[in-house]
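*Asks:* Could you build all of it, start to finish, from the sequences and the hints given here?
2 protein chains.
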Amino acid sequence: MSKYVYFFGSGKADGQANMKNLLGGKGANLAEMTNLGIPVPAGFTISTEVCTAYYDNDSQYPETLASQVSEAIAQVESVMGTKFGDHDNPLLLSVRSGARASMPGMMDTILNLGLNDTTVQGLIAQSNNERFAYDSYRRFVQMYGDVVLGLKPESQDEHDPFEVLLDAKKQARGVENDTDLTAEDLKELVQEFKAEIKKKTGHDFPEDPQEQLWGAVGAVFSSWNNDRAIVYRKLNDIPYEWGTAVNVQSMVFGNMGDDCATGVAFTRDPSTGEKEFYGEYLKNAQGEDVVAGTRTPQPISQLKEEMPEVYAQLGDIYIKLENHYKDMQDVEFTLQRDRLWMLQTRTGKRTGFAAFRIAVDMVEEGLITEDEAIRRVEPDQLNQLLRPIFDANEKRAAQEDGRVLATGLNAGPGAAAGKVVFNADDAETWAKRGDHVILVRVETSPEDIRGMSAADGILTARGGMTSHAALVARQMGKICVAGCGALHIDYVKREMVVSGKTVKEGDYISIDGTTGEVIEGAIPTIPSEVLQVLLQGSLAPEDSELYHCYDRMMTWADKYRSLKIRTNADQPDQSATARAFGAEGIGLCRTEHMFFEEDRIESVREMILSDDEAGRRAALAKLLPMQREDFRGIFEVMDGFPVTIRTLDPPLHEFLPHEDDAIVELAGVMNVAPDALRQKVEDLKESNPMLGHRGCRLGIVFPEITEMQARAIFEAATECQKKGIKALPEIMIPLVGHVNELKAQEQIVRSVAEAVKGETGITIEYDLGTMIELPRAALTADEIAEVAEFFSFGTNDLTQTTFGLSRDDAKFLPDYLSQEIWPEDPFVSIDRSGVGELVKIGVEKGRTTRKNLKVGICGEHGGDPDSVEFCHQIGLNYVSCSPYRVPIARLAAARAALAE
Amino acid sequence: MSKYVYFFGSGKADGQANMKNLLGGKGANLAEMTNLGIPVPAGFTISTEVCTAYYDNDSQYPETLASQVSEAIAQVESVMGTKFGDHDNPLLLSVRSGARASMPGMMDTILNLGLNDTTVQGLIAQSNNERFAYDSYRRFVQMYGDVVLGLKPESQDEHDPFEVLLDAKKQARGVENDTDLTAEDLKELVQEFKAEIKKKTGHDFPEDPQEQLWGAVGAVFSSWNNDRAIVYRKLNDIPYEWGTAVNVQSMVFGNMGDDCATGVAFTRDPSTGEKEFYGEYLKNAQGEDVVAGTRTPQPISQLKEEMPEVYAQLGDIYIKLENHYKDMQDVEFTLQRDRLWMLQTRTGKRTGFAAFRIAVDMVEEGLITEDEAIRRVEPDQLNQLLRPIFDANEKRAAQEDGRVLATGLNAGPGAAAGKVVFNADDAETWAKRGDHVILVRVETSPEDIRGMSAADGILTARGGMTSHAALVARQMGKICVAGCGALHIDYVKREMVVSGKTVKEGDYISIDGTTGEVIEGAIPTIPSEVLQVLLQGSLAPEDSELYHCYDRMMTWADKYRSLKIRTNADQPDQSATARAFGAEGIGLCRTEHMFFEEDRIESVREMILSDDEAGRRAALAKLLPMQREDFRGIFEVMDGFPVTIRTLDPPLHEFLPHEDDAIVELAGVMNVAPDALRQKVEDLKESNPMLGHRGCRLGIVFPEITEMQARAIFEAATECQKKGIKALPEIMIPLVGHVNELKAQEQIVRSVAEAVKGETGITIEYDLGTMIELPRAALTADEIAEVAEFFSFGTNDLTQTTFGLSRDDAKFLPDYLSQEIWPEDPFVSIDRSGVGELVKIGVEKGRTTRKNLKVGICGEHGGDPDSVEFCHQIGLNYVSCSPYRVPIARLAAARAALAE
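So the protein sequences, as listed, match chains A and B. When we follow this note's numbering, the leftmost residue of the first sequence carries the number 1, and every step to the right adds one. When we follow this note's numbering, the leftmost residue of the second sequence carries the number 1001, and every step to the right adds one.
The set of hints was computed from the structure by calculation and includes no laboratory data. Note that this is a predicted model, so its numbers are computed, not measured. Don't be surprised by glycine CBs; every beta carbon is placed ideally from N, CA and C. Treat the hints with care, as some may be off.
Not close to chain A: a few residues of chain B, all C-beta gaps over 10 Å, as computed [claimed, not checked]: (1) T1052; (2) D1117; (3) Y1325.
Keeping only pairs whose Cα atoms sit at most 30 Å apart, straight-line, the calculated BS3-like set for lysine-lysine is [claimed, not checked]: (4) A/K432 to B/K1680; (5) A/K840 to B/K1845; (6) B/K1845 to A/K851; (7) A/K840 to B/K1840; (8) B/K1680 to A/K685; (9) B/K1685 to A/K840; (10) A/K811 to B/K1743; (11) A/K685 to B/K1685; (12) A/K234 to B/K1743; (13) A/K840 to B/K1854; (14) B/K1811 to A/K622; (15) B/K1851 to A/K845; (16) B/K1685 to A/K432; (17) B/K1840 to A/K854; (18) B/K1811 to A/K685; (19) A/K743 to B/K1234; (20) A/K845 to B/K1680; (21) B/K1851 to A/K811.
*Replies:* So this is what it looks like as structure tokens:
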């Protein structure tokens, strides 16, 4: 018989931490904590296999599940000394989801399960608190009604029917807060809630605890596939197939009175990574109250004063957990009548800042090793360390001008300025049309995920450091100020009043997620500390903690990685930036970018409009000195590092105007008849320019272009050599599909090299290679490697041709992603089974012919950590990415090496 | 020591027929004839290896070549009893090219080599004919000057300097023909020619026979790479690497007097294939006079009367040759003073008509077997049997109206009508702009090849059945009337006068290559005899010799082939044609063709313009009955054969107008605002529509389209089934790149199938599969085959994506072909190493998952014999091609099977 149910309680558990796939993160950790001797209310976990089976079999459970659950309940009853459905001492349960990866707030939870008109009497007796008991009952009926029976409104505009009744009751009683309602009020509300359920669903509220339990379990499994969960999985690359587990656990109550509390805390600061207990609690409250952000809780430091013994006990548990898990933990606890229960521990989500800091600190504390530190951070989190911060002078000016409107919690570090919007849909729409937006909400909820993802920053009026807004923002790496109580938000008027000022939708505000300040207007930003050290030299390395983390991590990464990291750069300043970030050469220098510059475009056009080779050569002669200068500048910066220069790639019509006005104007400038120019533009038009006359096809029809470019390269290299600068050009022929194309271009390049050598007496070491960006090139790489000394995979174009998909036209991409046709956008992360397979074929075939073939990648995938991993796995020599992605790629390369 | 030189003469030879690669066709056959005891003037062949070495080593010969040549000359001298350079009895030589494949007239030839002022005296003494000797000397100097010393004019507009001198001499002497010049005149001409050479080149004409020989050998090797030869190789797919051999052979003279003659003949009629000696001769002439077409020769039948013994001897040789070579032979002979010498035998070029007839006849004569017959014909030659002929009534009317202008030789069978042009360049230009043209020349020469290839038909005033025009036309499968002496062509006025009528450039004429008639105006054509039998039933099979050949060959082909042949057809009438040609099903039925029909396009547009699914469904509902009717018609014709139906493929904007006038008009018809329509057109615009929203991407975003099409298919199939017609639909989803796309579409199709079954109670057998037309599909074919029950390779699109090459934009294709970057147009013949490799990968991976996967091809390559061979080799189940290519594909499939 398969085991579906895993018990935990009283110091021993069926499961353990390494069973996350089966028990979900929460379940595995509850088991682990139990085994560690940490006080955990007894319970059991229904495994993720049941979820999968449930979805595969038309929402049917495995046959033996019911009996396994009964048995587990009996064990819980025995440990807790209570009985499920008992009149006198009822066992009450929480039912929660728990997937392999944390999906905070995405799926539904039921608390206080087991209450009915009979057992509530038992709870009254046990707690000696009628009001508490009816409040618990009221909450249970409401949650059950919302979640299991489907009364929860689907959109934000509708009202929760239970909240309506609650508000009516408060109005009738003339009170403002829930807490002002009496036991009798709450008792009435329970009946009103039940009547509402009967009215809406046609069925009575289930009084039978067993029926309640199975309803709740089914609801949790169903919630795996609700819209929010689907969106969340997509955003976080969580596969549908994983499924969720269900954790059923005895209730403990933080809301039985003032000797009760509930809290959420981190063993270190999840925003900054500082090593200090960090968290919040609410007295006389249930856990959901803290997370939902409906009441702003107390900082954990307060607990030390209020309940020093509990605080000390918590401190011991934290240390035990960190030493055990060797990572920062995110825990939930409840204090029931001075007795501490741990409800959850899990690896804490953190910002990029915190991830780096914690990893570096833990190495320095001896808790983890360098390579573990590398594994501990996501390369993309590095972005946060490079993200702009507010210009200190500008911010000081704003402070002095009294433009600081309020200060909230620094929930997501970094600086953001943008236009205020008050709902998630607007955030999405405005961002899509190019606006920077700050999403301002009283509090956020899972429905807001898309809007949060679209916004530059998030600002909430309610909720603490562990509120939904704060958690999600940290995870997304969003800048966030949470719980800023000074905001008075009016959704209807689309404005907020703060410090007597009115900020309307569309007005600019700035938020500092590092300090929590909310500032009127848009404050200009300056580079991050890391950039101030690396690029500007305006900050000393030793003055920046952030730089220290960056530097340590990069040093360790370089120790472990075997992939070289190059950069895509066309200009000396870009090249210098990339060098500062540790680039070991240029993997792609696009020469056409130089052609577009104002002083050149005219000669380029003259060349295009020439009717014969002589005319083209005359125009190219004008371009030659400028191109040479371009290359000289780059060689100087890259002294001693290779520079891969791609010959002209885009179709020529890109250099001509297409609107008639512009054509007429240009004709005047070029001194040609407008009709002649119009005809030329028409002649160059292509139905599919992506598949047209571009790449090496230009150099084959117009060999003089390649000739000029080769000359510029060799002359520039020669000039450098004369000055003692080591230029290492790698000349790359684009869009080769047949070895003969490369042969034809090779002949030109090699003869120019010989000619320049003859003229100057200086020999330039260089390699000649090609971009592999067409399926045919990969498939015939063995032939191409007979000529090519290196390959550089152009995975942008290779993705376009392999998928038959124009990047500019993929209007159906959203449909494809939402229908899960493609697991992800293939232009973002390399498609391993299609495009990746071609890359593998290309590498293998190429190295069959030329054992030491140098192979790299220069598409945008070069800066995507997952793609970098793939490049490492298939044995590339280097990846090349944009300058700002270089450190990310270094880290990704190290992680890939360590993952082997 | 490598052997470079192969002697033949006096009944024994170093080489033999199977050494064509080394000795070229001519050399191998001279050796073979020698070995067969046929009288051949002694000589030797310098092998093709020398040519290759010559080009690889900067025009240097292998070291030992000179000594081997000397030795061979000594052998020739000994056999012929003459001496090279001897004053009294000089050995004179011909020097000719001879490649592995025949390239008539493409490379240069030198005759009478060895003559100089001294040896000419020996020739006078030996021939006792001073005029002959000086004429030979004059010809030699002229040829040598033209070919070896480069005095030949490069374009047709310039004059040959020797011809100018010759004309001047004739004028000075007041005579019209060369033959009217005296020995003294010719002797003077020799000196004038030599002076011209000295003037033009600065060097004296070489008197030394050794120097003459090496100059000629070098010229032949160089001619391998002249422009004509390059064009010819390209047209005929002859690799550059093959190189040419050089044949050096003792001269025999057909021009020593009236007891001399020279001739060219075929053992069967090369135009019609009829079994009769066929050829021409000229008395007192050199061989070049016959081939060049400068004098119209006598038919060979005349020889029987003039020289019955020689004719009989020739007859014996012909039979010996046909029995030996088992194929129709093309021979050259010379009669020197009543002694017959065979100068060449080779497999004769023939028209498609003749190829089929000869192959079928030879099987029936017991000379060859059926499978040899299949190997003997090129599948593309079958086109000629299907080519239109003149409408007999229209032609009779033309004859009665006196519009038959003249009758020439029926050199290339078939009927052509077109505009008259008088030079090859015009033929190319006019044809490019879409005109049908008849190229009219006094005679053609190798420079005219491109023009001949572009023209619909060729008409010459001079030259016989073996003239350049006739030979090349036969080989190209062009319609040709040659040697039509009644034409008086004036190149300058661009007109010809014939039978008192003037035909100007651009006037229409018609030529009947089967009868030789030249007719004024454009005569309408009717289907060929084969089509009259197969499609029209207007001719009884037994009344057509041509049909007999077709039928025999098809019957034999079907016996040997294993590939099935299907057709691409969208309509019942096309389907019927394909069935008549033997198609075994439809491999591609493009449903969008149906959408363009007038009564449907409006509903299609309504669907596109709908803003929501309901609107689209309403429009689709109107299309459903029409689509169902389309499919019903096709199923009826294909009763019992599979019909592969592709769901909608082209991007939707193809169904909308793009010009503003048309948009406004349509907006009126559709009753929508022009701006709204304009916006829709704009929204649908794509930068690369080939890579845009098309194929299954439509059905995924608009599932209702697939649903309608599936319903139309199943309902049509059900209707057929009710009537006892067996419908076998194969539903094909286009442009799948990821298995999830196919899964999504499969779900729709299968549920419609179930629905229709539920409604009608009738089960339709069907398969669901996909087109593999994207590299990613081929690379992930193992995944796709989990869903697909069949694959059909769409090699058109697969070629576009594999090469990154838009068929509509390949303006650089001519450059690529002329620079030999690509061996041939990849859209015509499948690119085996790139596209073909993907097809192989796709087949292998697909069959790994699904062993019995049905695999076919439905790109245009399906009708290309070379591609068909490839498809056979890699184990496809079928190819699908346009109806008229079906018999060609059947034959190609048989040849592929036999080639194994």
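*Asks:* Should the label of B/D1117 as a non-interface residue stand, given a Cβ cut-off of 10 Å to chain A?
*Replies:* holds (47 Å)
*Asks:* Starting from B/K1685, check that the Cα of A/K432 is at most 30 Å away, please.
*Replies:* holds (20 Å)
*Asks:* Check the hint pairing B/K1811 with A/K622 against an upper bound of 30 Å on the C-alpha distance.
*Replies:* Given pair B/K1811, A/K622 holds - Cα atoms ~28 Å apart, limit 30 Å.
*Asks:* Check whether the Cα positions of A/K845 and B/K1680 lie no farther apart than 30 Å.
*Replies:* This hinted pair is violated, its Cα atoms lying about 47 Å apart.
*Asks:* Does the alpha-carbon distance linking B/K1680 and A/K685 stay inside the 30 Å limit?
*Replies:* holds (23 Å)
*Asks:* Are the Cα atoms of A/K234 and B/K1743 separated by 30 Å or less?
*Replies:* holds (20 Å)
*Asks:* Checking one constraint from the list: CA of B/K1851 to CA of A/K811, max 30 Å. Satisfied?
*Replies:* violated (37 Å)
*Asks:* Do the alpha carbons of A/K743 and B/K1234 lie within 30 Å of each other, as the hint requires?
*Replies:* holds (20 Å)
*Asks:* Would the pair A/K432 and B/K1680 pass a check requiring their Cα atoms to be no farther apart than 30 Å?
*Replies:* holds (20 Å)
*Asks:* Checking one constraint from the list: CA of A/K840 to CA of B/K1854, max 30 Å. Satisfied?
*Replies:* Holds, at about 28 Å.
*Asks:* Beyond 10 Å from every Cβ of chain A: is that where the Cβ of B/Y1325 lies?
*Replies:* holds (37 Å)
*Asks:* Does A/K845 sit within 30 Å of B/K1851, going by the straight-line distance between their CA atoms?
*Replies:* Judged against 30 Å, a Cα distance of about 28 Å means the pair holds.
Violation of the numbered hints given earlier is confined to hints 9, 20, 21; the remaining hints are satisfied by the structure.
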